[in-house]
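Chemist: Sequence:
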Amino acid sequence: MRVRIAPSPTGDPHVGTAYIALFNYAFARQQGGKFVLRIEDTDLSRARTDSEQLIFDALHWIGLTWDEGPDVGGPHAPYRQSERGDIYREHARVLLDRREAYRCFCTEDRLAKLRIQQQAEKRPLGYDRHCRELDPAEAARRAAAGEPHVVRLGVPLSGPFAFHDLLRGEVTRDAREIDDQVLLKSDGMPTYHLANVVDDHLMAISHVIRAEEWISSTQKHVLLYRAFGWDPPQFIHMPLLRNADKDKTKISKRKQPVSVNYYRDIGILPEALLNFLGTMGWSFGGDREKFTLAEMIEVFSWDRISLGGPVFNLEKLTWLNEKYLHELSVDELADRAIAWRLNKAYLTSVLPLVQKRIRKLDELIPAIEFLFSGDLDYTPVLGELVIPDVAPADVAKGLLAYVERFEARVGWTKQMLEDEAAAWCSELGWKTKHAYMVLRIAVTGRTATPPLFETMAALGKEITRRRLRRTAEVIGKAK
RNA sequence: GGCCCCAUAGUCUAGCGGUUAGGACGUCGGCCUCUCACGCCGAAAACAAGGGUUCAAGUCCCUUUGGGGUCACCA
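Start counting the first sequence at 0; every next residue gets the next number (numbering that gives the first Met the number 0).
Below 20 Å or equal to it, Euclidean Cα-Cα: the simulated EDC-like pairs (lysine to aspartate or glutamate) are:
1. Lys252 / Glu314
2. Lys430 / Asp388
3. Lys432 / Glu453
4. Lys289 / Glu270
Per label pair, the in silico range of CB-to-CB distance:
5. Thr248 / Lys430: 33 to 39 Å
6. Leu110 / Lys430: 40 to 46 Å
7. Gly373 / His163: 43 to 49 Å
8. Ser300 / Pro159: 27 to 33 Å
9. His433 / Val329: 45 to 51 Å
10. Arg88 / Ser44: 17 to 23 Å
11. Arg303 / Thr106: 47 to 53 Å
12. Ala243 / Arg88: 40 to 46 Å
13. Gly228 / His129: 26 to 32 Å
14. Ala447 / Arg335: 29 to 35 Å
15. Thr248 / Leu124: 17 to 23 Å
16. Ala243 / Arg140: 53 to 59 Å
17. Ser282 / Gln233: 18 to 24 Å
No lab work stands behind these hints, which were simulated from the structure alone. All values reported here derive from a predicted model rather than from experimental measurement. Heads up, the beta-carbon is just placed ideally off N, CA and C, and yes, glycines get one too.
Work out the full structure, taking the sequences as your base and the hints as a guide.
Modeler: Set out below in structure tokens:
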């Protein structure tokens, strides 16, 4: 029995990744199987090198370990899809030879126009199989001549296709709703669908435990297994974590913090986060809500899953965290606090910001208090959160625009933050004097602070993002 | 919009044909107490609607409604 978690290294380590990893891990450990970590970095334009390490660290932080993976190796290495390009190309070739797949020379432009036309005519969206009947020999010739193309799966034209989900039973889609999925992109890299199926088979994955959002592509995957002549694994689609506000859409950073590091930075204990994720869609049994990973593994079973999408509720996480915190010995609590931020390394990084601003040591803690606080209270400074001649709603929007800016950048440095802020200001036509004050208040809750960008750097991306978003909300509501 | 998944309090959930529908977070009261917090006690709060099946339905079936996901050379 083998399972895997297959995150894509495109940003911050996501709680959804931790969530799915937990269930894969618990199941594997209980069954005495193997838990594999595979990095799905086939999108060269989006994959980020720093993100992979962040994922390793986040998973380790909450207490999960894997038996095979890019960092620890294993019998099915490499575990990084970007290093397996030849494997996918070989497999695409097999499908081409079997006429299960075909080369497609349609341009992005034609595809875009097709989509617009389909939308206008209210027809179902999807590839129109324009290249499907091209003569394979001719297509091979064009490809050999260097003409850009992709490889598509030749989906059978008729018949219902079903797969069996352990939690949901048969899930069926009709052939006409499934278009000819791209398997190999024009850059020679596979799409998720190809890489995923090939790797799961080659890595002998027996149970694919992933989020519900994959249900509608699973029939395509089953078709792929069939085209290769392979047996598909058991599929288990977990419910999606949801945002806490009204809409209950799948959890997203636009709505609430999704980075594991955010929860770490606000002082959530890893065992509490893990425990909390274990109560999302799964119940321990009895009235137990607080349990360890080991206990969860012991009693784990799929029939205790409930399929309604659970809302990730920070209040309840905090309550659970409180339980863990209170049970610590004072000695352990001290260690946890030190591991968090009360350590020399962190102090050394922030002390230069305030050294010249204090006269006695008793002024130190008050001067840097906002570096150790959670959400700030903006009520006393509400009147300062303004930019002359700019509507509050636009100030709020502007704040979010700044977030988008640093979101798009790799790394987290004073220089980057300052560069982006400057560009942001000139784009909006705001005076830095006013705009930076709003940023300052958002990030610190006060008007007199250490230098803004150093402060943001010290605060960290997760908390900075959170505070800017909250300020935007506060401004939006205030008017 | 097409297709798919889902549906017990505001939120997380128990329930797997017969229960006064249980627990937890949050909320509100009270007790404890030098304050606050913890802790303890208590309260309000749910089976989306309508049809079936059955002696009996939150539990099974259908329809409706509602929510979500997905429709990329992203995963």
